[in-house]
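Once you've looked at the hints, go ahead and assemble the two chains, each given alone in its own frame, into the complex.
Line by line, the protein sequences are chains U and Y. At position 33 of the first sequence (counting the first as 1) the number is 32 in numbering that gives the first Met the number 0, and the numbers step up by one without a gap. At position 232 of the second sequence (counting the first as 1) the number is 231 in numbering that gives the first Met the number 0, and the numbers step up by one without a gap.
No lab work stands behind these hints, which were simulated from the structure alone. Hints are not guaranteed to be accurate.
[Unchecked claim] So the derived label-pair ranges between C-beta atoms look like this:
(1) Y:F2 <-> U:R69: 19 to 25 Å
(2) U:R73 <-> Y:T246: 18 to 24 Å
(3) U:E116 <-> Y:I99: 51 to 57 Å
(4) Y:T246 <-> U:N87: 20 to 26 Å
(5) Y:F2 <-> U:D24: 33 to 39 Å
(6) U:A112 <-> Y:D129: 52 to 58 Å
(7) U:E116 <-> Y:S30: 55 to 61 Å
(8) U:R69 <-> Y:I173: 35 to 41 Å
(9) U:A14 <-> Y:Y199: 38 to 44 Å
(10) Y:I239 <-> U:A14: 51 to 57 Å
Predicted model only: the values in this text are computed from it and were never measured. Just so it is clear, CB atoms sit at the ideal spot from N, CA and C, and this is done for glycine as well.
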Amino acid sequence: MSSIVSIKGLTKRYASGFEALKGVDLDIEEGEVLALLGPNGAGKTTLISTICGITTATGGSITVGGHDHREAYRKARGLIGLVPQEINLEPFEQVQNTVRFSRGLFGKPRNDAYIAELLETLSLGDKATSQIRELSGGMKRRVLIAKALAHEPRVLFLDEPTAGVDVELRNGMWETVDKLRQQGVTIILTTHYIEEAEAIADRVAVISKGQILLVEEKDSLMARMGQKQLTVELTAPIEAIPDALARPGLELSADKASLIYTYDSTAERKGITALLTDLPAAGLQLRDLQTSQSSLEEIFVSLVHQGDAA
Amino acid sequence: MNFEAIRAIYTFEMARFFRTLAQSFISPVLSTSLYFVVFGTAIGSRIDSVEGVSYGAFIVPGLVMLSVMTQAISNASFGIYFPKFIGTIYELLSAPVNFIEIVIGYVGAAATKSLFIGLVILATSFLFVDITIAHPFAMLAFLVLTCLSFALMGFIIGIWAGNFEQLQLIPLLIVTPLVFLGGSFYSITMLPPIWQQISYFNPVVYLISGFRWSFFGQADVPIAVSLLAIGGFTTLCLAIIWWIFKTGWRIRD
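In isolation and in its complexed conformation, chain Y is listed as follows (with noise of 0.2 Å):
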């Protein structure tokens, strides 16, 4: 293992962040603040307690999912994606590294960051509503697996694209509206019968659902379930990973 590389990476993607810190801590601060604004005193004072939480409460583990699957992917592609556009991967490729390394290093450093932008959400969340968490190690556990995913996911996409439309298309395009649709705002309990059948083909749907009974001690699928659906979906993207480095595909001739 070469840890010295690791390292290298690790710090330098983190240095990137750091650099940028008030843009990185900002946006997503006021972008959650405005949620709470809207749904939870907003609308939310109009709606009734959702499963015994008042809804204010209810959406702060969405909303924190929400942030953390985007900036994940986000953090993660752009990481990797950048040095493909400017061309410094030559020094990646002629590298003593191998993929597992290179990995550690890039989606090792988009999940610190998202982690950090969540607990930073979660922190801000406290000065709107209260809530209490039921499980406090199991939501951060939960916390930093779909850190750790959804950052795997970023990095294949930012290898695939080719230019930075592309970058932003499957965040876009499917991310974004299975988060919208995987109960971020809602229990899916709440759709007609049809809307939930459909819901649980969509696999943000266990990764809410689980987060929110770290916070409440309810879901709206067994916890067991959720972690299955978390561990599988960081199995297929290792995997992926894996057959792109030993294949070169989009990275090497």
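Same shape as in the complex, but just chain U (with noise of 0.2 Å):
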């Protein structure tokens, strides 16, 4: 795969002082769907909206489909689609109308074929003609994606897909992005929804006061999450791990009176029946049991307290 979206030492410092982006880098892979994880306030949607032409950067690069943002910035916003967060539409205007205006703006020839697929996909269909606010909010969404997606587009952003929707809208609009995933579409959503992220994305970017935290495929970030501590109390500390109980993975506790073995939970033979077969031949009693998992949540807020003391 080769990086579609290519970021480098983005910089944005406001009119007012405020540094939103402090030298970002980020490299997008064509086809891949990133996710743009961060707290409120940490650069996502400034992130974005450098990228898309809407606020200009004050240092670094973007390169969209090596074309420079700025030197190329036709050929370069030619290939982004971007969805904002919030409902900006205009209500009287019909659906296939503003979907076609967005089509014309990108330089595309009129093509009410592709739009009328378009909108069937997003299952829009039966509100071509129909007036913007006579929509649900869900609706309202999924125009803007054929908005987005009306001059095809081969990366689209996503700016807060999910927020302030309810659970059957928040699960529509992960099928929809699965099926544009399926059809070879660059997708970059920005949330602060963990479970989302988890959902729909194949690498997790997190973000916090401007600058990138971390970068990682997201299965390797649910195989870290993936790890589970057992904690045996025992009835008596001990000085040390008997010979006969060592094992990868147990550590004494500081106050040596448990017992920590960390194991993969997705693992078939975890090693935990044999832990508590092997006590007491090793002349040890059990007095509690207790089983934690580090979540991405842990992860993340971690990460993110690590950047502030940075």
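Set out below in structure tokens:
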């Protein structure tokens, strides 16, 4: 896979002096779904707006499909579709007219067959001639997606597509994203819901205070998340783990009163039964058991806090 | 040049106009008819001819200009302010278009609308008074230039405005007085000398005078000066718009 969007050292300082982006480096691979995860005010929207040309970068470079976003802005922007966070639509306009307008704006000749097909894909086929004010919130969001896809872009930015949306609509949105991914559209979505990143992303980038803290395959993140810990509280403290019990992943707690066993919850043989069977043989008695799991949420929170400290 | 984008903006704006066709036409036609009834017939019958033209006919060019100027400004300012107000401007800013294409689309549509209205008012006036147009092509050229230059000015106002009050502010406080005092309903030669001198600082005087010349073959100021004035005004508006897009003033962070 090759990068379709490449961002290097991107900075953005607003006129007020606020530094929204502090040297962002990010490569987005063609065909992937990248979730840009971060708390409110982290710079997610600023990053997207700068790539799309709505805000002007203070420093750094962006290329889209190899085209510089400033010098070759027509080619760069032509490859991008943007679905904004707010529902910005003209209430009295017809659905198909507003989508047709978007297509024309991006320099593509009129193609009503394509637009009809697009609306069909987004389950808006029967709303083509409806006025936008007659639509439900979920439909309006899909109209925004239709507008963003009207000029057949290769990269789609979705800015918080499920903010303030109910569960059913959210699932519908996830299905739409999946459908688009299958068609080969590269998708970058911002979210502050971890479960959203988990559900639909290939990779996750964590952004906080204008900096990218981590970019990682979701699966490897999940594997880190898949680590579980079993804490075995003993009736009496011990000095060291008996040799008969020693095994990878087993440690003695700091107060020496518990054994901590870290294992992969997704593995077929976790080794829990063996450990518990071996306890009496090693002359130990257990008082209590508990398990804990590190969530993406914890990883995320600790990353953001590390970012704060740095 | 992104011609598809120009076409998209232009047709989208014109569609808005045709959706509200009745309002777009009825209001200017009605108000013009009222002007004719009040000034042309009721008061005008007591006024001797002005510069050899009956008063009813004399006010026709002024009335057309009055409507065209206010309509061009309001259409163009609303056309670009509305996307800013409801947020759809994001699409324009993220599209592969430059300022020339945006301006041609929005200003072109606003100028077309005001031209339609100007022609409808002219047609309406034929119902009330007898007029012959001495220089029809010059008349049309003046009309088109006025539509364009005032639509450019409206575009600037629309970008500058931060709310609906400001959108109305300049047309109300500056443009309307300038148009009324620009000789819509009188020849500035009818004014006392001091007011004549002051009137020459009003750019609208040159436009109305030139337009009236195309009807009756006579004017308050030489036609070349009128052309120069409208050319200068158009250039000034274009320069301001170029600066706006270069700096992103009021549209791009």
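Each hint, compared with the structure:
no.	hint	result
1	Y:F2 <-> U:R69: 19 to 25 Å	holds, 23 Å
2	U:R73 <-> Y:T246: 18 to 24 Å	holds, 20 Å
3	U:E116 <-> Y:I99: 51 to 57 Å	violated, 33 Å
4	Y:T246 <-> U:N87: 20 to 26 Å	holds, 24 Å
5	Y:F2 <-> U:D24: 33 to 39 Å	holds, 37 Å
6	U:A112 <-> Y:D129: 52 to 58 Å	holds, 55 Å
7	U:E116 <-> Y:S30: 55 to 61 Å	violated, 47 Å
8	U:R69 <-> Y:I173: 35 to 41 Å	holds, 37 Å
9	U:A14 <-> Y:Y199: 38 to 44 Å	holds, 41 Å
10	Y:I239 <-> U:A14: 51 to 57 Å	violated, 21 Å
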